[in-house]
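One line per chain: the protein sequences are Z and W, in this order.
For the first sequence, our numbering assigns the number 264 to the last residue and increments by one with no breaks.
For the second sequence, our numbering assigns the number 872 to the last residue and increments by one with no breaks.
Possibly wrong hints are sitting among the right ones.
Stated by the list, open to error - Taking lysine-lysine and the DSSO-like style, the derived pairs with C-alpha atoms no more than 27 Å apart in a straight line are:
| no. | chain 1 | residue 1 | chain 2 | residue 2 |
| --- | --- | --- | --- | --- |
| 1 | W | LYS815 | W | LYS802 |
| 2 | Z | LYS196 | Z | LYS264 |
| 3 | Z | LYS196 | Z | LYS231 |
| 4 | Z | LYS231 | Z | LYS260 |
| 5 | Z | LYS260 | W | LYS793 |
| 6 | Z | LYS264 | W | LYS793 |
| 7 | W | LYS793 | Z | LYS196 |
| 8 | Z | LYS260 | Z | LYS196 |
| 9 | Z | LYS264 | Z | LYS231 |
| 10 | W | LYS793 | Z | LYS231 |
| 11 | W | LYS815 | W | LYS793 |
Think of the hints as simulated: they come from the structure by calculation, not from any bench.
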Amino acid sequence: DIVMTQSPLSLPVTPGEPASISCRSSQSLLQSNGITFLHWYLQKPGQSPQLLISLGSNRASGVPDRFSGSGSGTDFTLKISRVQADDVGVYYCMQALQTPWTFGQGTKVEIK
Amino acid sequence: EVQLVESGGGLVQPGGSLRLSCVVSGFIFSNSWMAWVRQAPGKGLEWVANIKADGSETYYVDSVKGRFTISKDNARNSLYLQMDSLRVEDTAVYHCARHCGGSICSRAFDMWGQGTLVTVSS
């Protein structure tokens, strides 16, 4: 199984400041067709998860442009350019290259 | 408006069975791959199973293979998860989720239900 490792697991942030979450996979998520199957989700308190970023860097519909995803192979990063209070919650990366699809442990973002 | 509404959760003894349902609206269900994702209390997300749009292919995490069965009824806009031989470790909120249909979001879950709680305990 592909193991997904996120860091940090807890991230206190100051509104208006940038934030960054790392996600590493135990093997490359690049398929032979050039697609990288790495997605990012946010689970706000008391809510279901929501898709933020697909295929490494594609923002989902309605996601503010302060969120961006980057990376390749086994190393990926989710960045928030200027954190807002509404961004608190747990962020998960997920690989969909091969079954079983696996998630990272989650990174809890909270306001300082 | 896209909606996914799960039901069927509850308290069941170890070894028992439950059938979860997810009724969807607001999109063409028959064209959509679907999945179940669970979250144990206070824990992270775990993909459980998914099913091809026409129901012809299914995939499972090893821990539920042979015990859980995912199915979909395109005429009823409904997704199901038959759970047999339940174990304490299956206790979780079970979410149904839609696979994103576009090429820019392939295999991502772009819509989620609110979840239904399954508690396995004696």
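Status of the hints after comparison with the structure:
| no. | hint | verdict |
| --- | --- | --- |
| 1 | LYS815/W with LYS802/W | 17 Å, holds |
| 2 | LYS196/Z with LYS264/Z | 17 Å, holds |
| 3 | LYS196/Z with LYS231/Z | 17 Å, holds |
| 4 | LYS231/Z with LYS260/Z | 14 Å, holds |
| 5 | LYS260/Z with LYS793/W | 12 Å, holds |
| 6 | LYS264/Z with LYS793/W | 23 Å, holds |
| 7 | LYS793/W with LYS196/Z | 14 Å, holds |
| 8 | LYS260/Z with LYS196/Z | 10 Å, holds |
| 9 | LYS264/Z with LYS231/Z | 18 Å, holds |
| 10 | LYS793/W with LYS231/Z | 23 Å, holds |
| 11 | LYS815/W with LYS793/W | 21 Å, holds |
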